[in-house]
Structure formats: structure tokens, C-alpha cells
Amino acid sequence: MASIFQGVGAATSLSSSTSIDTKKFHFCSRRSRSERKASFVVVRSGGAKVENRIGGRAEQLVTNAVAAKADTPTAATVSKPGHELLLFEALREGLEEEMERDARVCVMGEDVGHYGGSYKVTRGLAEKYGDLRVLDTPIAENSFTGMGIGAAMMGLRPIIEGMNMGFLLLAFNQISNNCGMLHYTSGGQFKIPVVIRGPGGVGRQLGAEHSQRLESYFQSIPGIQMVACSTPYNAKGLMKAAIRSDNPVILFEHVLLYNLKERIPDEEYVLNLEEAEMVRPGEHVTILTYSRMRYHVMQAAKTLVNKGYDPEVIDIRSLKPFDLYTIGNSIKKTHRVLIVEECMRTGGIGASLTAAITENFHDYLDAPIVCLSSQDVPTPYAGTLEEWTVVQPPQIVAAVEQLCR
Amino acid sequence: MASSCLSKSKNFIYNLKFKLYLLNRTSAVTNPLFHPHLRHTISSPSSSPVRKHASYSRVNGFDRWFEPAFVGRRSHSTTSVSSDVSQLPVEPPSQQVLDFPGGKVKFTQKLIFTSNSTEERVHCYRVLDDNGQPFTDAESLEISKELAVKMYTNMVTLELMDTIFYESQRQGRISFYATTTGEEAINIASAAALNDNDFVFPQYREPGVLLWRGFSLQEFANQLFGNKYEYGKGRQMPVHYGSRKHNYITVASTVATQIPHAVGAAYSLKMEKQDSCVITYFGDGGTSTADFHAAMNFAAVMEVPVIFFCRNNGWAISTPVHEQFRSDGVVVKGKAYGVPSIRIDGNDALAIYNAVHEARKMAIKEQTPVLIEALTYRAGHHTTSDDSTRYRSIDEIEKWRGDQNPIKRFRKWIESRGWWNAVAESEYRGSVRKQVAQAIQVAERIEKPPVADMFSDVYDAPPRNLNEQEVFVRKTVKKHRQDYPSDVPL
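As you go down the protein sequences, you meet chains A and B in turn.
If you read the first sequence in my numbering, its first letter stands for residue 3, the second for the next number, and so on.
If you read the second sequence in my numbering, its first letter stands for residue 12, the second for the next number, and so on.
In case anyone wonders, no lab produced these hints; they're calculated from the structure.
Each residue gets a CB set at the ideal place from its N, CA and C atoms; glycine is no exception.
Careful: at least some of the hints might be erroneous.
As the list claims (entries may be wrong) - List time: in silico DMTMM-like cross-link candidates among lysine to aspartate or glutamate, alpha-carbon distance up to 20 Å:
1) B:LYS281 to A:GLU129
2) B:LYS281 to A:ASP104
3) B:LYS486 to A:GLU361
4) A:LYS193 to B:GLU283
5) A:LYS130 to B:ASP339
6) B:LYS284 to A:ASP133
7) A:LYS193 to B:ASP464
What the hints assert, rightly or not - Which chain A residues stay away from chain B? Per the calculated CB distances, all over 10 Å, these:
8) PRO83
9) LYS122
10) ALA154
11) MET183
12) LYS193
13) ARG206
14) PRO396
15) ALA400
Can you build the whole structure from these sequences, using the hints too?
Here's what the structure looks like:
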């Protein structure tokens, strides 16, 4: 059972040391990738190579790989002390700030009202904003998603919560046929600024039906955007960005990450929906990951650094569209790519990413892209079996070693 | 016994079933669900409306009424089928109740199942008879000459529009069309009873609502030809109209997906406390979908101002209503969800006008959903891709195109009022025909939207991959210009 706790171990070790430094306040001049005019402050992630993202811990473990780098104390980038909270609280904070800011923002879903949501993301909101604005719906996902779409066409900005992402399979018709399409088919007359969010991914013995990875099913739908949060900092930032976006956005949260703790800034910030996050700059191999697998990768990174490798870890965050700019720059530097994802082998995000990278950066690759994904099986209930369906850090280490031979 | 027949008590004497048989013969009251005097009972979900007419199990005819007299003969003598739960016996006041979440429930010691049907179907509200003459006791608003003539002329325009556009598809000028033949009264009269700021969530057989609100024939033709002036920018099929300025949501081909949208829109009206309502249209087939049921349920729970307008036209492509559901049509489903409902004659423009007018008032004032089932007939084919004579008799179609034709009936009424005549009719028809033909000719010649519109509006701003794809398409088209349509500008 030791490996089951690896995910948790990564989470708790990170939370206890509060050394996750995902805050970046660099306003790098980047070429604009969209014509959208940002009317709010967007924090752009700068891939600053000189900063050691792992901070103090890596210093102790590092041998030759990191010695070449200058160590900039990460505290210099923090302008204010900030406050500590858990990921689900960060989501709620983002949600609440947006509800405060714009009276059209509303929430609908099962048990989101006085129960506070199955993962407590909406706790306290019904008391504050009323039963109508934080709406408890009967159990009909397709229909309350449809309701949200109808309300959005009239000018509201609903956030539709799926109690578990897997339930949104019932809403597929509304998400694909209406949410994604109506802005287009109406000739731009009606827009659908909904946010569809909920917990997904493989949890701890939740059973096959509650361990789905819907990002692979939704990725083809034209007209929607998909983002996956992984830390309290990016959870809040992405939640706010998703709410402010005029496109329908699906925000993927992970069941096992809700209790991650991090110190986030006091001042308001919104992240860019289409950007990837540089977690750990490196030289030898680019590891692309998202959501919970980021922690498995960082766990593996510790081992890899011990063994002398210098992996560059990027949390892609934006699942649709991919941030090929950040990814491309990284590939041009390292020439080797490893994708670590929780989706199934067939037709997952990794599969699409592999295709996109091969198409665009083939000449920069020194080796074929390696993609580590979950097995193509329904997630078993038994803990040991469940653990084996998901990618574990030793596999990541082995893959990097293989890739960098 | 006679007094008990006519009383408004909802419990009848259990062991006097043969008296219920008598009751069935004598009662002739209208459906109390929509009776104005009882309207106050409708808005509160816990009250139950009064059922006045008796009924008996359809299965064995009225032989079963005499069963209790032969109790000893049957092994299941203690059980019997009662037609309606409201006809349970009157129990003494000391009867225990169960204080259940959702309301108190009385107990009974009788093992009674409610029947799967009632002998008499829910009555249908009608103002004009087959000859277009109003019934003397009809409850109806006074319609002004101006309004009546406007309604009539719009119905005629709709009919002519349908005929000519259908023909243009047959001639190969447009690719697809769906008529509203037989349902013109539903389209126009319901629109006439609404305000312009009431949002409309249509299925695909309600262009008359747009027509009433001022959508021009040219605008219709533009959409059918998908040219650069149409509001949808040429992206959708013909008849998938949508117009923000007319508060008419773009039609989506998916059946009944607009019903939950309508409920969501009504929710937004309630949140913003607007003095308007939402109406959504769907057919008999649409009531089988999951979206319909959940949306009705939601609307009732949330108490939002939405009108559910079901065009029960007898056919869902080739599926007749008998194969669609086994309930007494759609109106009884409203009761199941706690939604006040009414059945109306869908070929009677005045009945439709009155019902929608009243429903709108109710929906807004009492913040409640309302279900209207309009019985009508799909006199045309499902679409241009269908030939309905393959599954239904031509006689049936002809019968409904005859006297039951809503336009004919309404014309008889306005002519009897002296507001219309044959001269005006032929003049009007001639003029509209010319206009429609003109609109088609103009729309046909306008160029199509440019290739850039294929990639815009997928998102608010085109992302990089779409920009790349657009560049790729342009390059390909430029290179092989002769293989691509010439009327789509680059």
C-alpha cells in the first residue's frame, strides 16, 4: 500500500513545507497569442530559468545538475505575506470574489446550497447569496446543464457543478450540441459564458464510475475551453479567469487535491486560461503533466535529481487549447518529451498532445515522445489494483532514464 | 346520491360503485384544472384539484362494477382497481395521517391501485366551432378587428411562405425545409398573446412566432439560402432561425434540448425580477425525452415563469402518438409534476390566444410554470426529407387539411364579423406570393458568407490552432479554386 500514499505523501510534504512557489509576478513581454483584450490584470507565468522552483529542498539533494544554477531566494518574488488555505477553499474564495464582483454570477448543481457541495467548495455561499443564486438542482445533469446554458444566453454567468465529473457524461448532449455550438450557430448572437466544474480523476477507491477522466471525452468538442487546476494558487486564478471568460470553460478539479495547502497572495489575481505553468525548469527532458500527476512527477523529479538528471516539469494546465508556445520552447531546449497523464492510454489528452507536438516540433526531437497514461481499464475498486492503473513515480523515473540514455 | 355526484368532495362512497357508474353518465363538467374560479388552487403545489367525473377500468368494460356483488367468486376479491386516487372512500375524521416529508398523507386499508387510464380524457378548450362560430358560453377575450385581421393575415403569410419555400426546395434552390402546415394558428395566435420581450425557445416548427414579431420575408429567405446577410452567418441548416433582437433563440436540431434552456432563462428572469416570461415549444415526440421531464420538474420546484407549449400534432416523423406515450396525451403530465396545465384546440386561433394570454398572466403574477397542450395535426410532411404518405393515409391528411384547417376556421369567423372578404383574400394572397418569390430571387443572388466566418465565433476570439487551420483552408482553396464553390468569397 505504500505507493497509494505516494500521492498523498507528495501532497502533504508540499503542504507542510509550503514551498510550492507557483506565484510568478513577472510581466514578461510575450507575443500575444490571442486578440482578446484583457480587461483585468493577468498574471503571466514567466519561465524564469534562473529560479530554482524546488527551493531549499533541492539544494540538499542536488549534485552536479543543479550546481550550475544560481539560487535566487524565492521569497524575493513575494510582495506580501499572503494567506494560507486549502485548494477547495481557494476555489471558494475565487468563486465568492466573482459572485461579489458581478451579480450575474450564480451557481447551480446538486447539493451546492446549504449542504455546501460534496467537496465543500460552495460552503457558506447559499447563506450569503440566497437559495436562488446558489441553486440546488434535482438529479438531472443534462437538464440542469441545459438550464445553465439557457440562463447564460439570457445574460447570467452560471457555474454548473457536477458532483463528480463522471456525472457530466449525462450532460454530454447539452455540452456538445448546445454549449459548444450555440454561439457559432446563432452567428454570434447568443453567447454562453458558463463554467462547468467538478471533481474528477482517480480517487481513493471510489469505484469505476466515480473515477472517470472526462477531459479525454470532451477534448474534441469545438467551442469549449478546458483547464485543469492543480494547486490552490492556480485553482483560484483559473476559477476567476473561467468565470470572466465569455466562452464556455470546463474546469477540471481532482478529488485528491482538494486538501492541498498553500500560501496564496492577498491581492486579487487572475490567471491566463491558455497558459501552461513552469513548475521546474531543467535541461535534460521536458515532462508535461497536469492535475494530480504533477505531484507524482515532482516526486519522481526528486529521485531523478538525485540520480543526476535535470528534468523540466511543465504543468500544462490548459487542456484545450494546448499552450504550444511554452511547450515548444521547452522542447527546443531539451529535445526529449515525456508526457505523464492520468487519462487512459487511448484517446486521452496525452494522445492529442503527442500528435500536436509531433506535428509542430518533430525536427526538435531527439527521441520519440513517451506518453505514460493510465491503463485502458475501468478503475478497479481494490486499492492495489487501482494504484497499478495509475502512473506511479517509479515508472516516471524509469521512463526518463530510458529517454535520456 | 345525486347530491354526492355534484358535490366538490373528492371522496366517493367506496362500496357503492354502481352509483359511480351512474355518475359517469351524468357528469359533464369541464376540466376544473384551468377553471378561473379555481385558479387560486393551482399555484400552491400542495393542493390537489377536484376530479368530478368518474371512470372505470378500461380493461374489462363496465362488468367490473358488478364484481363486488360476486365477491366470493374471485380469489382477489379484496383487491380492485379504482380509476382515480381521489375517489378513495371517505374515512372518518379520526383517520390517521402520516406526516411525511413533503406533506401529510392519509392512510387507507384498501389495497387499491390507480388505473393506468381514465375513461374520459381531459377536456379540450375551444372557442370556435368547426364552422368558425364562437360557442355562446365560450370564455374568451374580446379581440379587436385590427388584432384579428393581423392574426389572420400572418397565418396566411405563413401558409404561403411554407408552400413557396417548400417548392423552392423541391426545385433544388434550397437544400432543406420544414413546413408548419396545419399549425399556423399555434404559431401566430400564441405569438400574438405574448409580449415582444418574452423570450422564445423554439423547436423548429415555429417560424410564425418570428413572423409575428416582425422578421421579414427577406430575412427568412436569407437564412434559407445561408447568404451573408443572415444572422446565423450561414452556419446552420435552413429553418434554424435565430434572432436576438426578436428575442427568439436560435433553433437547434436536437429535440427538446431547448426545454431546460427555457427553464434556465425563466430562472434568470426570476433572479432579475423581470416582468416577462419565457415560452418554449416542442412536439408530442419531444415529451418523451429526458430533458422534458427534468425541465418540467425543475420549473415546478423553482417556481419560474415559463410556458411549456406542446404542439401535439399526432406524429413524430412516422411515430404516431399511440406509440409515443400511453398517457392521456401530454396535459396529464403537468399534474404529475405539479404544473398547472390545460388542453386546447390547436386549430382554434382564439382558443390559443386566450390560453396563452391567461397562461402568461399566471406565469408572471404567480411565478409558476404552465403547460399547454394544443391538439393539432401535422398536415405536411415532417420535412422535405420525408414522405408521410408512406406511413399514414392520404384520407387522414386530407381530412385535416379540410374543415379542421385552422386558417379556414378563423377566416370563417372574421368574415362573419365583416372584417374580411373574398376580395381582400385574393388580393392579400397575390401580394404575399409576389413578395415571397421576390425574397427568394434576391436572397439567391446574394453571395455567401466568407470563409473567415467558418472560423469565427467558435470562441470569443479565435485561438491559434483555428487561425492556422483557416490559413491552411485559404491556401488550399486558392490553389484549387475550380474545385471549390465560386459563391463563397475567401
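Verify that the Cβ of ALA400 of chain A lies farther than 10 Å from every Cβ atom of chain B, and report whether the claim holds or is violated.
-> holds (33 Å)
Looking at LYS193 of chain A again, its CB stays over 10 Å from all of chain B?
-> violated (7 Å)
Between LYS130 of chain A and ASP339 of chain B, is the straight-line Cα distance small enough, at 20 Å or below?
-> violated (45 Å)
Is the Cα-Cα distance between LYS281 of chain B and ASP104 of chain A 20 Å or less?
-> Holds, because 17 Å separates the two Cα atoms, which is no more than 20 Å.
Claimed clearance of chain B by ALA154 of chain A, with the beta carbon kept past 10 Å = The claim breaks: ALA154 of chain A does not keep its Cβ more than 10 Å from every Cβ of chain B (closest is about 8 Å).
Is it correct that the beta-carbon of ARG206 of chain A has no partner in chain B closer than or equal to 10 Å?
-> holds (31 Å)
If you draw a straight line from the CA of LYS281 of chain B to the CA of GLU129 of chain A, is it 20 Å or shorter?
-> The given pair, whose Cα atoms are some 19 Å apart, holds under the 20 Å limit.
LYS486 of chain B paired with GLU361 of chain A [C-alpha distance capped at 20 Å] | The hint holds at about 18 Å.
Was PRO83 of chain A rightly flagged as not at the interface, with every chain B Cβ beyond 10 Å?
-> Given a closest Cβ separation of 36 Å, the condition holds.
Given the hinted pair LYS193 of chain A and GLU283 of chain B, is their alpha-carbon gap at most 20 Å?
-> Given that 20 Å is the threshold and the Cα spacing comes to 18 Å, the pair holds.
Pairwise hint evaluation, ASP464 of chain B against LYS193 of chain A, where the allowed Cα distance is 20 Å at most = Satisfied, since the Cα-Cα distance of roughly 16 Å is no more than 20 Å.
Going by Cβ atoms, does MET183 of chain A stay more than 10 Å from chain B at every point?
-> violated (7 Å)
Violated hints for the displayed structure, listed by number in ascending order: 5, 10, 11 and 12.
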